[in-house]
Amino acid sequence: MTSAEPLDKTVLELKDVRASYGNIEALKGVSLTVQAGEIIALLGANGAGKSSALKVTTGLLPPTGGSVRFSGRETKGERTERLVKRGLVMVPEGRRIFPALTVKENLLMGAYFRKDKQEIRRDQEWLLDLFPALASRAGQDGGTLSGGEQQMLAIARGLMGRPILLLLDEPSLGLAPKIIRGIFQTIGEINRTRGTAILLVEQNARLALTASARAYIMTTGRITAEGPSKELLENEEVKKAYLGG
Amino acid sequence: MPEKDGKDPTGAPLRRPREKGRGKKILLSILRPLKAGLWLSLVAFPLVTFKFEAETRQAHFLPERIPLLLLICFGAAVAFDGLGWLKKAFGPGKRAGGILESPPEGLNRPRLSWVNRLLKSRFFKPASGVLLIFLAVLPFISSPYGVNVYITALIYITLGLGLNIVVGVSGLLNLGYVAFYAVGAYTYAILNAQFGLSFWVCLPLGALSATLLGFILGLPLLRVSGDYLAIVTLGFGEITRLVLTNIAITNGPRGIANIPPPSLFGFDLNQSVKPFLLKLGLIHSRTDLDKVLIYLIILMAAILTVAAVHRLENSRLGRAWLALREDETACQAVGVNRAGAKLTAFTLGSTWAGLAGVVFASQISFINPQSFTFMQSVMILSIVVLGGMGSIPGVVCGAVILILLPEYLRFFADYRMLLFGLLMVVMMVFRPEGLIKSARYQHIYRAPKAGEGDPSDSASGK
Ligand SMILES: Nc1ncnc2c1ncn2[C@@H]1O[C@H](COP(=O)(O)OP(=O)(O)OP(=O)(O)O)[C@@H](O)[C@H]1O
Ligand SMILES: [Mg+2]
Numbered sequence: 001m002t003s004a005e006p007l008d009k010t011v012l013e014l015k016d017v018r019a020s021y022g023n024i025e026a027l028k029g030v031s032l033t034v035q036a037g038e039i040i041a042l043l044g045a046n047g048a049g050k051s052s053a054l055k056v057t058t059g060l061l062p063p064t065g066g067s068v069r070f071s072g073r074e075t076k077g078e079r080t081e082r083l084v085k086r087g088l089v090m091v092p093e094g095r096r097i098f099p100a101l102t103v104k105e106n107l108l109m110g111a112y113f114r115k116d117k118q119e120i121r122r123d124q125e126w127l128l129d130l131f132p133a134l135a136s137r138a139g140q141d142g143g144t145l146s147g148g149e150q151q152m153l154a155i156a157r158g159l160m161g162r163p164i165l166l167l168l169d170e171p172s173l174g175l176a177p178k179i180i181r182g183i184f185q186t187i188g189e190i191n192r193t194r195g196t197a198i199l200l201v202e203q204n205a206r207l208a209l210t211a212s213a214r215a216y217i218m219t220t221g222r223i224t225a226e227g228p229s230k231e232l233l234e235n236e237e238v239k240k241a242y243l244g245g
Numbered sequence: 246m247p248e249k250d251g252k253d254p255t256g257a258p259l260r261r262p263r264e265k266g267r268g269k270k271i272l273l274s275i276l277r278p279l280k281a282g283l284w285l286s287l288v289a290f291p292l293v294t295f296k297f298e299a300e301t302r303q304a305h306f307l308p309e310r311i312p313l314l315l316l317i318c319f320g321a322a323v324a325f326d327g328l329g330w331l332k333k334a335f336g337p338g339k340r341a342g343g344i345l346e347s348p349p350e351g352l353n354r355p356r357l358s359w360v361n362r363l364l365k366s367r368f369f370k371p372a373s374g375v376l377l378i379f380l381a382v383l384p385f386i387s388s389p390y391g392v393n394v395y396i397t398a399l400i401y402i403t404l405g406l407g408l409n410i411v412v413g414v415s416g417l418l419n420l421g422y423v424a425f426y427a428v429g430a431y432t433y434a435i436l437n438a439q440f441g442l443s444f445w446v447c448l449p450l451g452a453l454s455a456t457l458l459g460f461i462l463g464l465p466l467l468r469v470s471g472d473y474l475a476i477v478t479l480g481f482g483e484i485t486r487l488v489l490t491n492i493a494i495t496n497g498p499r500g501i502a503n504i505p506p507p508s509l510f511g512f513d514l515n516q517s518v519k520p521f522l523l524k525l526g527l528i529h530s531r532t533d534l535d536k537v538l539i540y541l542i543i544l545m546a547a548i549l550t551v552a553a554v555h556r557l558e559n560s561r562l563g564r565a566w567l568a569l570r571e572d573e574t575a576c577q578a579v580g581v582n583r584a585g586a587k588l589t590a591f592t593l594g595s596t597w598a599g600l601a602g603v604v605f606a607s608q609i610s611f612i613n614p615q616s617f618t619f620m621q622s623v624m625i626l627s628i629v630v631l632g633g634m635g636s637i638p639g640v641v642c643g644a645v646i647l648i649l650l651p652e653y654l655r656f657f658a659d660y661r662m663l664l665f666g667l668l669m670v671v672m673m674v675f676r677p678e679g680l681i682k683s684a685r686y687q688h689i690y691r692a693p694k695a696g697e698g699d700p701s702d703s704a705s706g707k
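Each protein sequence line maps, in turn, to chains A and B.
Anchor point for the first sequence: position 81 equals 81 in the numbering used here, and the numbering is continuous, going up by one each time.
Residues are numbered in the numbering used here as their position in the second sequence, beginning at 1, plus a constant of 245.
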């Protein structure tokens with residue numbers, strides 16, 4: 001970034017972040033940045049620490065070192081619900097919608113901290129428009145949705161919080177290619193029309209690299225490669241390790 | 246899919262644990278109930294082998310009870326372990342107990358049970374109107390004994406609905422709920438005895454003091470969760486009873502007598518109003534107007550509670566409680582303050598117990614610590630579990646069944662607790678969702694009508 005005031009455009013900045021579960025060190029110094037309105041991919045094999053990086057970002061896992069800045073402010077010690085209010089929303093791994101709440105109620109939970117009833121209604125309508133599969137099931141319990149519908153609901157629920165930065169943890173997990181394409185199309189659309197920055201954690205590297213502008217690759221708790229997604233798609237090593245040759 | 250290949254670290258060692266685990270499994274299945282039995286005996290030891298004389302304030306040690314204690318505890322542990330097997334063999338499948346499977350493709354319309362359908366039908370309003378009139382007239386045409394029983398049933402409906410917020414909706418197992426009931430009752434008894442405050446002043450004060458206590462207690466309590474919460478609340482209930490037994494203002498184990506019934510605009514109903522109504526032929530000569538008034542008050546309170554709990558359940562906060570019960574991490578991810586939401590559930594649940602306590606004190610006019618034992622907590626919890634966690638009609642039915650049935654089946658009175666226990670175990674195994682399932686948990690599917698969205702074509706985007 002050659003901009004005169006880079007701080008204003010940086011939404012998220014992780015600097016040498018470390019974190020562990022007991023004596024397992026999951027993050028051994030992770031640095032990454034997300035600029036306003038960007039789609040960034042975070043790739044890596046199982047257990048590389050991608051989810052842990054998101055957990056540290058949202059305050060669900062306390063870092064043991066380094067710093068996390070969100071929209072210009074250090075998040076140290078800030079509770080998750082405060083960060084959500086500031087516009088940092090995570091769609092956790094494995095969907096985790098609320099099965100006993102209806103689709104509409106799930107969406108309302110996403111707007112839990114908001115008080116602007118009118119706007120909440122409008123956002124609800126917008127999202128049901130964006131995901132027609134949900135619209136026809138608006139009154140149905142979340143637990144009765146199919147896997148793909150649950151993922152859409154999880155994303156829609158996240159968007160109800162009007163995030164500045166949306167963290168998506170493996171949205172393609174366990175879904176059919178056709179549904180994945182639909183979801184990725186929608187993610188791109190949200191980014192374009194709303195300017196929401198997106199940090200996309202994926203194992204489906206090809207898809208994520210196609211959808212994103214820049215990407216980071218993680219191996220066992222460290223960032224081992226980064227760059228524009230187009231370049232990474234062409235990179236021989238990346239091809240071999242993550243794109244199936 | 247074209248992503249990375251066979252580097253899966255979990256691929257190789259999958260087969261090993263099974264072969265090695267067989268002997269260990271059998272050993273575990275023997276050790277597990279033994280361990281549980283040991284724990285149970287340790288916990289129950291002081292309760293069973295010490296007898297506390299309230300009058301002389303002396304404790305007696307009864308070693309001859311130890312064999313019985315061990316027998317019961319280990320027997321119960323083994324029986325409970327066997328239940329797991331029973332449940333697997335005969336119980337409802339994964340559907341129950343909150344684990345939800347995705348519906349089979351194409352079947353996605355939940356069907357409501359008949360009670361919940363009735364509640365949603367157009368007959369509901371006229372039917373509830375008729376029911377209300379009937380309930381309002383009931384005390385005038387019933388015997389004083391009957392009125393007393395109905396008051397008790399209504400008190401327990403209120404208690405059940407209050408505890409339902411805590412246990413049923415929010416999933417916080419509170420085994421010391423009776424403490425808040427006691428605080429309500431004692432608030433009225435003490436304020437009346439010491440300062441002459443009337444029922445009407447004490448009704449909100451009783452509810453308030455129970456609420457306050459719930460808040461103060463909830464603050465540290467809600468740091469623990471699950472089974473620990475159950476044990477701590479159980480302990481708290483017992484501590485409250487012991488405090489009531491041992492301080493001066495409650496008059497210790499002798500309790501407080503002559504608690505007046507509520508008055509209406511300062512009239513003594515049985516002295517001044519009754520002859521008048523008798524002359525008009527509106528009431529029976531045996532009718533106790535004080536009790537009728539209490540009945541009407543608790544009826545109103547119960548109806549208000551139903552309305553309030555219904556509103557709460559469908560409010561922002563109620564949704565958060567339900568969501569919290571299901572997935573705490575997902576709740577955090579959408580910005581719910583977990584501790585705060587739990588604390589409000591715990592606190593608001595206590596309010597109803599305080600309210601019911603005041604009415605209870607005015608009903609029986611004499612309270613002592615023995616009115617507020619652990620058995621009361623068990624009773625209220627049984628109502629919630631039997632009726633259906635999180636289900637308002639369920640809790641109402643549970644209270645009616647558990648309070649009215651024993652009254653009319655006097656024969657069983659001595660074995661009541663034993664029957665409760667048995668009933669709870671049977672319910673947990675065969676119908677964990679309660680008699681009337683909460684409308685939220687009705688995942689029985691039927692085919693969608695023609696023309697509704699095709700589930701296979703559910704990709705998004707425009
Ligand atoms: N709750 C936890 N307790 C202990 N260790 C954990 C926990 N969560 C993750 N770990 C460990 O931390 C490391 C990184 O896990 P993480 O979930 O961040 O990986 P990931 O890159 O998201 O993997 P995946 O692609 O499989 O989701 C792993 O070694 C994992 O075993
Ligand atoms: Mg992960």
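No lab work stands behind these hints, which were simulated from the structure alone.
Careful, some of the hints might be misleading.
As the list claims (entries may be wrong) - Quick list of simulated restraints, FRET-style, between CB atoms: (1) A:GLU236 <-> B:ASP572: 39 to 47 Å; (2) A:ARG222 <-> B:ARG468: 47 to 55 Å; (3) A:GLY47 <-> B:PRO308: 37 to 45 Å; (4) A:GLU125 <-> B:SER508: 51 to 59 Å.
Claimed, not checked - Every beta carbon over 12 Å from chain B, so not counted as near; a handful from chain A, in silico: (5) LYS55; (6) GLY66; (7) THR80; (8) GLU93; (9) THR102.
We put the beta carbon where it would ideally sit given N, CA and C, even for glycine.
Evaluation of the provided hints:
no., hint, result
1, A:GLU236 <-> B:ASP572: 39 to 47 Å, "42 Å, holds"
2, A:ARG222 <-> B:ARG468: 47 to 55 Å, "35 Å, violated"
3, A:GLY47 <-> B:PRO308: 37 to 45 Å, "57 Å, violated"
4, A:GLU125 <-> B:SER508: 51 to 59 Å, "55 Å, holds"
5, LYS55, "9 Å, violated"
6, GLY66, "22 Å, holds"
7, THR80, "5 Å, violated"
8, GLU93, "10 Å, violated"
9, THR102, "9 Å, violated"
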